[in-house]
Structures are given as C-alpha cells and as structure tokens.
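S.K.: Next come the chains, spelled out residue by residue.
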Amino acid sequence: MKKVMGDPEQVVGDALLGMSAAYPELLTVRRDPAVVLRAGGPRLGEVAVISGGGSGHEPLHAGFVGDGMLAAACPGPVFTSPTPDQMTAAIEASDSGAGVLLIVKNYTGDVLNFETAAELAEAEGHRVRTVVIDDDVAVTDSTHTAGRRGVGGTVLLEKIVGTAAAEGTDLDGCAALAEGIVATVRSMGVALSAPTVPHVGQPSFTLAEDELELGVGIHGEPGRERVPFVDAEHIVRSLLDPILADLPFAPGEEVLLFTNSLGATPQLELYTAHGIAERLLAERDIRVSRRLTGPYITSLDMQGISLTVLRMDGERARYWDAPVHTPALRWGR
Amino acid sequence: MKKVMGDPEQVVGDALLGMSAAYPELLTVRRDPAVVLRAGGPRLGEVAVISGGGSGHEPLHAGFVGDGMLAAACPGPVFTSPTPDQMTAAIEASDSGAGVLLIVKNYTGDVLNFETAAELAEAEGHRVRTVVIDDDVAVTDSTHTAGRRGVGGTVLLEKIVGTAAAEGTDLDGCAALAEGIVATVRSMGVALSAPTVPHVGQPSFTLAEDELELGVGIHGEPGRERVPFVDAEHIVRSLLDPILADLPFAPGEEVLLFTNSLGATPQLELYTAHGIAERLLAERDIRVSRRLTGPYITSLDMQGISLTVLRMDGERARYWDAPVHTPALRWGR
Amino acid sequence: MACTGEDVRAALYRVVETVREHRDELVELDRVIGDGDHGENLRRGFDAWAAAPTGESPAEVLKQLATTLISKVGGAAGPLYGTAFLRASTAVRDLAELDAAAVVAALRAGLDGVVARGKAEPGDKTMVDALAPAVTAAESAVTVSEALEAAARAAAEGAEATRDLVARKGRASYLGERSAGHIDPGARSTALILRALLP
Amino acid sequence: MACTGEDVRAALYRVVETVREHRDELVELDRVIGDGDHGENLRRGFDAWAAAPTGESPAEVLKQLATTLISKVGGAAGPLYGTAFLRASTAVRDLAELDAAAVVAALRAGLDGVVARGKAEPGDKTMVDALAPAVTAAESAVTVSEALEAAARAAAEGAEATRDLVARKGRASYLGERSAGHIDPGARSTALILRALLP
Ligand SMILES: Nc1ncnc2c1ncn2[C@@H]1O[C@H](COP(=O)(O)OP(=O)(O)O)[C@@H](O)[C@H]1O
Ligand SMILES: Nc1ncnc2c1ncn2[C@@H]1O[C@H](COP(=O)(O)OP(=O)(O)O)[C@@H](O)[C@H]1O
Ligand SMILES: [Mg+2]
Ligand SMILES: [Mg+2]
Ligand SMILES: [Mg+2]
Ligand SMILES: [Mg+2]
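Chains as they are written, first to last, in our numbering: chain A, 1 to 333; chain B, 1001 to 1333; chain C, 2001 to 2199; chain D, 3001 to 3199.
Hints listed in this document are in silico derivations from the structure and should not be mistaken for laboratory results. Warning: the hint list may mix true and false statements.
[What the hints assert, rightly or not] Residues from chain B that face chain A, not an exhaustive set, calculated with beta carbons under 8 Å: (1) 1055; (2) 1235; (3) 1291; (4) 1332; (5) 1333.
[Claimed, not checked] Over 10 Å on every C-beta distance to chain B, these chain D residues come out as not near it, computed from the model: (6) 3004; (7) 3036; (8) 3044; (9) 3057; (10) 3071; (11) 3112; (12) 3118; (13) 3142; (14) 3160; (15) 3161; (16) 3163; (17) 3173; (18) 3178; (19) 3181; (20) 3199.
Every residue, glycine too, gets a C-beta built ideally from N, C-alpha and C.
Put together the whole structure using the sequences plus the hints.
M.R.: Shown next, in the form of structure tokens:
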C-alpha cells in the first residue's frame, strides 16, 4: 500500500491540519474530539445543520462546511462512524438557540452514535432533529437488511437544507424540507476497483479484470452483484434503470442529475457517463434542470461512479441555486 | 484495463458531449475540429486567452473555459497535442479584434502545433501572441532536453491572465503579465502509480510497491528518478526543496501554494500533503497568502501529487481573487 | 473465586491483550463482509481504556470502560459494546465482589442492552449470536469461573455458527446471500472477549 | 522504374498498411521512453489519408498527405512528418514522374523540413537519426528502386542505432540516461515508412 501519509493512525488528523491550513477564512478545526466548524461561530436565529460520518469520503462532510451549507462536520476514523463526543461538541459549538438538524447517513454505526449524541444534547437543552438519509437503491430488501444506505443524495440534501437554514427557515421547516428530499432522491453506484483503507493495507475486495461491482457502497463494502465488465452505455443504464424504477420517476418530471466520481475515476470517464445519463433521461422525457458532476462523495481511491437523481420543485431549485461557499462547493460568492 | 468508456477512439468526443451537457450555460462545444468555447461568443475589446493540449489532464484546459479565465480550449487526443486546425478554429471563434494570447505548455508537439496555428491565424489577420510555460523543475538540464515541461503553473497562469483579459488588459499587457508569471512559478510532481492510457491499455510505467517516480510528468512519462517509497513528510520535502531552490524563493516572500492531485489521489492524502507544505514554507519564513488544493491538472488515473509555488504581488493577488466562473474553478459569482 | 474491582480490571487487561493480538484477524473478517475496521475500532477503544483506567468497584471499572468505548470506538461496535458494558455496570450496582449470579446478571444486562440498541435477533449474524448463547450457558453455573468458562465456550460455538448465516443486520446485510460462508466479526470479537475474561 | 502519382499513391497505401501492422509496436516503444501514443498518432493520420486520398501528380498526392497528417496526427510527429511530406511535395514540383534524383531531392527536402522544425541534430535520438543516413545512402543510387532500397536499409540501421543513444530532444529527453537502451519510436517509424515505399 502506497499512500501520501505519515502514521496511518494519524491520517485523519493530518488531513484536518491540511484542511484548516487550506481554508483559514472558512473553517475552524478542533481536535480531540475532532470537529470541523464554520468559522465565525453560531449565527443568531440560524438552524445549525450538522453532519458527520467516517472519513475517506472527502469532500463529504468537512468539505461542505461553510456559508449556505453545513455549520459543522464530525469526521470519524476512515470508514468508521464518529463518536457521540464529537457530535455533542459540534452541537455545543454551533447551536445559536435556533436548534440543530442532524443529517445522518443510514448505517448502523452512524445511526447509533448520532442517536446517543442527540439524547445527550437534548439533555443539555438543545433542540435537536435528526434526518436519516437512505437513498441507495442497491439495497433492495430493507426488512432483511440494515436498510438502504445513505450515499450521493446526502450532498444534495446538505446543500439544499443548509441554504434553507441560512435563509432563516426554522427547525421544523428544515426537517420537513429534509424529509421531503430523502423521500424523493435515489442513487446507485458501481465500482471498477476497490479502495485500500490505510489501517487495512490491502484492497477491500478483489475484482477481476473483467468484473464490475454493481451497487457498491462507499465503504468498500462489496456491492449487490458482481457482473461482467461492460461499456459506458451499459454501466450507466445499469445504474439509472433501478434508480428511475424505484421512486419511480415519471416522464415530464424535472430533476437534478448528480454524476459522482467514487474517487479515482478520471474526469474523461465521469463526463462520458454524465453525457450518457443526460441522453437516457431525455429519451424518457425526464427533464434535467440542474446538474452536479465531480468527486463529491468518494471512497478513497476506488474507481467507479455513482448516479443520483433528485426530484426538483421551485423551492428546491431556489435553495440549490442560492450562493454557497465551502471548500468543495462554491458559487454565487 | 477497465474504464467507463465506449470506443477508446471516441473517448475524448464522448467526454466533450458530457461536458457540454453538464454546463450548457457556460460552454459551447464544437466537434471536428474539437474546440470548447466560452458561451456567448467573443466579447468586444477583450483579449481571447486560449489554451489547449492533450486530453487526460482534466479539468485542464476545457474545465477552465468561462468567465474570467479561458475564451477557448483545444482538447487533443489523450496525451497528444491538438492540431493546428483546432487552434485556428478556436482563434477564429474567439478573437473579438483585441487579439489572442495562446498559452502553450512546453512540449515539442504542443509548441510545434501552436506555432503552425499562430502562423496561419496571423496570415488571416489575427494578432497572436504566444506564451510558453515551462515550470517543471524536475527537468534540470534544459540544453540537453526538450526543455522544462509546462505543468501546474499553467492553471495559475490561465486564471490570472484570463482575469486580466476579462478586465480589459490589452494583448501586450496580457503577454507581459504571462511572461512574468512563467518566470516566477515553479512546480514538481511525484507518482505513486502510473496512468493507463485508453488506446494503450496498460500502465505507462511500472512501479514496485516500494517505489516512487520522482519528478514525473503529466503524460505518464517516467520521471527524473525512481526513489524508495517514503512517508508524506519526505515526499513533500522532495518536491518542495527543488522548487524553492530553483527560482530561488527567498525568506519573507509572499506566494501562492497549489497542491495538486495528479488524478487518483484521495483528498485525505492531498490535504495531508498540503498541510505539510504549509508548515515547511512557514518554517522558511515564506508566507502563503493564497492557496489552491484539488485535482486541477491530472494524468488520468495516476496516483500522485504535484506542488506549485508562484511568487505573488498585488496585481497577481487582485486578478487571482477576482470572480471566475468555469466548470472547475468558480468563485465570486 | 469471587471477583473484585481489581479482578475485573485484571480481566479487562487480558481483553486488551486479546484485542491487540486479534486485531488483524478481526479486520480481515470485517474486510470480507463489512468495511474492514472492526479490529482497529476495538483496538483503538480498548487501548484508550488501558492508557488510563479508573474506578475501584466492579461497577466503576465497567462504567469507565463503557464511556471510553462509546467515545473512542465509533462504528456500530462502539455504541453496542459501550451499551453492553454500561448496562453490565448498572446490573452489578454497588457490589464490592461479584459472584456467579452477579456475573450472569451482568452478562444478561449486556445482552439486553445490545438488543435494545441494535434490534438484532438471534440468527441475524451479529454479536448477539455469540452473546445470547453465552448468557444461557452461564446461567446454570455455580462459580464465577464456571460461568465465564461456559459463556466463553458457548460464545465460541455461536460465533463459529454465524458462518452459515445470511446477515440481516449491520453492514454485512448489504451482501445478502453473499454474506454466508464467513464468520461475523462482532460475534468473533464477543467470543474472544469472553474467553479473555477468564484468567 | 519511374514513379507516377499513381505509384506514389500505391506506395503510400503500403505505408498505411505498415503503420496499421506496427501500431502496437510503436505504441510500446513510445510507452517505454515517451507517452505511448506514437503508433496511434500515425495510425490515426494515415488512416485519415487513406479514407479520402486526392491529387493526381506526385506533388499533389504528397501535399494532401502532408495536410492530412498536420491536421490529424497531433503531437510532435504530426508537424514533423507533415512538414517532411510538405517539403517533399514542393521539391518534386510539377514532375509527372519521379526519377531517382527527384526521389533523393524529396527525401533531402523532407529531412531539411524536420530539422528546420524540430532543431534536432544527428545523435539526439529522434527520427533524424533514421532519416539523415537514409538521405545520404540514397544519393549515389541510379534508379528509384535503388534509392528507396538504400534509404530503407540505412534508416533501419539508423533506427537500430538509436538504442544506444541518450535522448536530447522530444519527450524521451526527460528521461536523461534512462532513455538509453530503447529504440526511438520516431526513428523506427521512419524506417518502417521508408521500407514500405518499396513495392
Ligand atoms: N444491529 C446490530 N445489532 C447487533 N450487532 C450488530 C448490529 N449491527 C452490527 N453489529 C455488529 O457489529 C459488527 C461490526 O462492527 P464494526 O465493524 O466495528 O462497525 P461498522 O459495521 O460500523 O464498521 C458486526 O460484525 C456485528 O456483529
Ligand atoms: N525535436 C524533434 N526533432 C525531430 N524529431 C522529434 C523531435 N521531437 C520528437 N521527435 C520525434 O517524435 C517522436 C515522438 O512522436 P509522438 O509520440 O507521435 O509525439 P509526442 O512525443 O508528442 O507524443 C520521437 O520518437 C522522435 O523521433
Ligand atoms: Mg465501519
Ligand atoms: Mg503525445
Ligand atoms: Mg466494520
Ligand atoms: Mg508520444
């Protein structure tokens, strides 16, 4: 395993040092417990939207801390949910009195740790609402599993709800907006290669030269099915078909299309996939009115892509378009 | 070789289709010859800053087309300089009468093809100036080589000069600003793994588990030296020392530090490297006043990083900070 | 043998050793059907405890371990093991020494805590498949050693038996049928921990 | 044998075939000391020419090939080969048939063009190391066949001899001493092209 790192145990801490150096005006990074805060402290009357999860998915979540998105992020060790003390520290530092919305990706560890943190914070007098995002259609049978995973939809959720909070929407309003998004966003991913976790030192799974891992998660968990390698058109279809069938998305709808690199995918390939997805959606008369393309929720050095489709309406479009200023998403200022 | 692509010969064309779908309001993509133009056509009185080069380095250059940066980009086949007909088409479509500044990375192929294009365009009555960037300190002895390569400095050059052009600086002024930047920017890269070119189908070079390719280029050309694998601190030193010694950069100076991913490097590692570079510069009393961190000039799926250091002054800082709106760099609007 | 706070601490030091020794094995089990961090998560948590253990009575020792695990382990295992030790601590109240009945009560409280938090049933291929049979096996024991011996043996069997199960909880559940054929890392770590409690 | 426009076209079709056959070999040579595109660059250019060749006289045929290569090949080889064929076209003026002297003049003009554009000297490990000896060897020939035969033989030797050289031009120069031990892809393609001109 070759990585640009020092002590594997310090990899997250070392990266946080680098982030705080790279964005001194935007972020305040605290250690022990590790939290990434929006510089400038809580804003009067503004709901604090907070998220967190295992590291290794950068820029998620710390790269989305800033104006118009997250008030704070809690980075866990690589692929491991953070702990309640990080979350309560983030809540403590961010709650202006308007309350806190916790955005939690649906993994057992994340849910349990955020649950504990919410209890502790409420006991301290904070108003806390939690929204659990589970947009991954690769996990089909949710009564026999830990439920669908939270993946690409998280990025869109954090932007739209983060902006709503910045514009003064109250805690109930933010929570309702978030629940609505969770209900109408769907994603699926595919891996061409596995990530290598620093403390493991070898790839999380092994794919033959002619295999794809379809429905892969973002933690190097193997996916739903191992299928023969196919060309870009078929790869995109194998992601888009289950996504569209699931909600389902109907002809005439307006959507946001998010084509995501899972880490090590060259942009040539990512744009190839995006172009095909746009064409396939047009063929089905689904109108793409907003798009996002890039590495926004990754799995270390995994090669692969994911697609996310979110149903749009006027309110969501307005919050999406409004200014955002974070390390990884920035426009309008 | 597994890639999200269709016909390997169409890989650039397919990606351009995707780019134009992803940024309909920003870009106009033409095929045959392939050029990526800023939407909206030439702007009266504005010098057109145009660049181009082999594909596989995305977002360079097409991802930097837009307001405040490039007027047009000419994407060649993967790792192969574009041809003069692309360049003359870009010039034809972009020259408002204020003239054209060609930004050319110093590779034999790029220089020869842009040279031909400049001659042809001048014969058609365009005023053309060319600036050749050669910031890679890994190529030491330039009388016995094709000269230093153009690498990371290109991104900074395109932003600063592109903004100067957008603010009305004339052709001579843009060229002088560009020459000044070329003279005071230095870069160097290191690879942990080799890229795989679609039409080759196997990695461009082979590195053992305990080897680094130091001074690697962005075309999968092997670097200056193969050295034993070391930790992040030593990797960063082995890039920064030759950079600082070369200009040389002196204590007390103000610089822009650009920490670049060569493609497949996880952001955790990139930020780790950035943090170390900031610390080493501070130790030498060199003041980092601007920074850029991310995958901006890449080599397909190569794992590795490059560092670029640019001497700053008030004019450069002002142009750097001014708004830019392109697919890959965006702020202020 | 009765069991003082001192004895509990000594037992937990043995657990720390075991977790260190088996870190790579647990990482490997989790790599195959999960995300490859279970061994590292537990190592981080138990090492953090070992660096600064406090408390006198069994309950105090267990409680401090629980809060350390909750704040250092993360993932699914952190809250689950944390809750288990927290409930165990509550179950032994202010006893200065634990007898067999207290040990069984602690084990049962731990199991109840895991089930309350994680909602797993026996057969879901989780740590419950090691812990639940351990509690049952310990119930008929007369001495602390017998209770722990029986618990460890039953947990080992239970962990081994997870090999044939299809996961319905935790990360391995995403694999569906493909999760069968591999031991559950959390069940394995439960068996290892129970075994290490015995001198 | 004299050489009409028809003959030139036939010879170039043989070049197209050769380039296709040796594409992978040239890619591999370039992968080792360059960026792995030389074979693909030439294939793209010559295939584009073969898809729509025009022109009657030798000069016309050569000129159209030159402009196609300039606009389709890219990289260093595009302008260099393009210039070589353009200069060769100019050198044979309006001749309807080429004799040995005209062929030699065309080769020399091509070499001069490559040197004018690329500034390489013999020994720099480039296509010049195949083309320069080819021109010299062709000079004493009496027939077209003899001229091409001599040129092809000398180019092959020249290409082979690039193996021992350290590159001082083009991408391979970045490798410094490490470029020694490998044949230069452009020298190899020059030798292949000259060999294919012969029926
Ligand atoms: N809902 C649950 N109930 C009981 N145990 C669970 C549950 N979910 C997961 N586990 C246990 O946790 C173990 C995984 O722990 P760990 O790898 O540390 O956390 P994560 O899955 O978050 O990476 C599994 O092997 C399983 O035994
Ligand atoms: N300055 C030069 N003069 C002559 N030939 C050169 C020069 N630079 C490069 N070449 C030739 O071009 C060949 C490489 O061509 P190609 O791979 O197609 O272009 P690129 O190097 O741009 O990828 C080299 O093998 C060498 O023979
Ligand atoms: Mg985990
Ligand atoms: Mg090339
Ligand atoms: Mg795990
Ligand atoms: Mg080449």
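S.K.: Please go over all the hints and tell whether each is borne out by the structure.
M.R.: Hints versus structure:
no., hint, verdict
1, 1055, "holds, 6 Å"
2, 1235, "holds, 6 Å"
3, 1291, "holds, 5 Å"
4, 1332, "holds, 7 Å"
5, 1333, "holds, 7 Å"
6, 3004, "holds, 30 Å"
7, 3036, "violated, 4 Å"
8, 3044, "violated, 7 Å"
9, 3057, "holds, 24 Å"
10, 3071, "violated, 4 Å"
11, 3112, "holds, 16 Å"
12, 3118, "violated, 7 Å"
13, 3142, "holds, 36 Å"
14, 3160, "holds, 23 Å"
15, 3161, "holds, 19 Å"
16, 3163, "holds, 17 Å"
17, 3173, "violated, 4 Å"
18, 3178, "violated, 7 Å"
19, 3181, "holds, 13 Å"
20, 3199, "holds, 31 Å"
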